[in-house]
Amino acid sequence: MKNRWKEDLKGLVGLNYIVFKNVPMKKSDHGPIIDLEPGTLEKLAAKAIIEKRIGFRGKEIKFLRKALGLSLEKFAGKLGITSGAVFKWEQKPDERLHPMNEVAVRSFVAEQLGIELSGQFSQLLGNDTEPKELVLQAS
Amino acid sequence: MDAQTIRSSLVSGRYRVTLHARQRMAERMIFDSDISHCAEMASINNQGEDKFKVTGQGLDGEELTIICAWDGETLIITLF
Chain A
54 MKNRWKEDLK GLVGLNYIVF KNVPMKKSDH GPIIDLEPGT LEKLAAKAII EKRIGFRGKE
114 IKFLRKALGL SLEKFAGKLG ITSGAVFKWE QKPDERLHPM NEVAVRSFVA EQLGIELSGQ
174 FSQLLGNDTE PKELVLQAS
Chain B
19 MDAQTIRSSL VSGRYRVTLH ARQRMAERMI FDSDISHCAE MASINNQGED KFKVTGQGLD
79 GEELTIICAW DGETLIITLF
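Protein chains in written order, with the working numbering: chain A, 54 to 192; chain B, 19 to 98.
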């Protein structure tokens, strides 16, 4: 039985609205250690962002790209755009993407994560407002 | 423990991260993909007492310094 961290942990993946509950933790001489495989929290958060239809701003793009382990060039290449375009999105962390770009990115990321989405444009577009909190169970 | 074992564990995702290090990672938008990418080509210096300083670049070429310890497994203590 693993120990769970009692406090909610906010912002562990660089997005302040993502809150993890019940993060497995173990003690060490170096302080508490997150007792999860590397990449676990990123994958949980990425899936939630897609499934909960969080709108994409520059910060979500950077997070999703890195959660997939892709460089700017590789991510852009998969979308058929330039790395400069992705770089510009990421330089504006709070600016919403154009709907066409958002739909293209959501479709691509969903496919990479094995999430099936409805093909309807309106269903692929994110919500207008950023959530105050998106609570995820880490275990 | 030797530097090659630390490199191999970071590249292959066989490591753990302290809560402190994870918070530092989040501040800089550094993720596990950056750690493994960095470790592939990083310079790794043994600092003694099973501590290692790993210096390299993240996925986007950002400079990363990762401080690791061997504690029965590779442990990332902090990162900057």
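Check before you lean on any hint, since a few could be wrong.
[Claimed, not checked] Rough simulated footprint, nothing fancy, chain B against chain A, three-plus residues with beta-carbon under 8 Å:
no., stretch
1, 61-70
2, 78-84
3, 122-135
Derived by calculation from the structure, the hints in this document are not laboratory data.
We put the beta carbon where it would ideally sit given N, CA and C, even for glycine.
To see whether the hints hold, each was checked on the structure:
1. 61-70: holds (count 5)
2. 78-84: holds (count 5)
3. 122-135: holds (count 4)
When each numbered hint is compared with the structure, no violation occurs for any of them.
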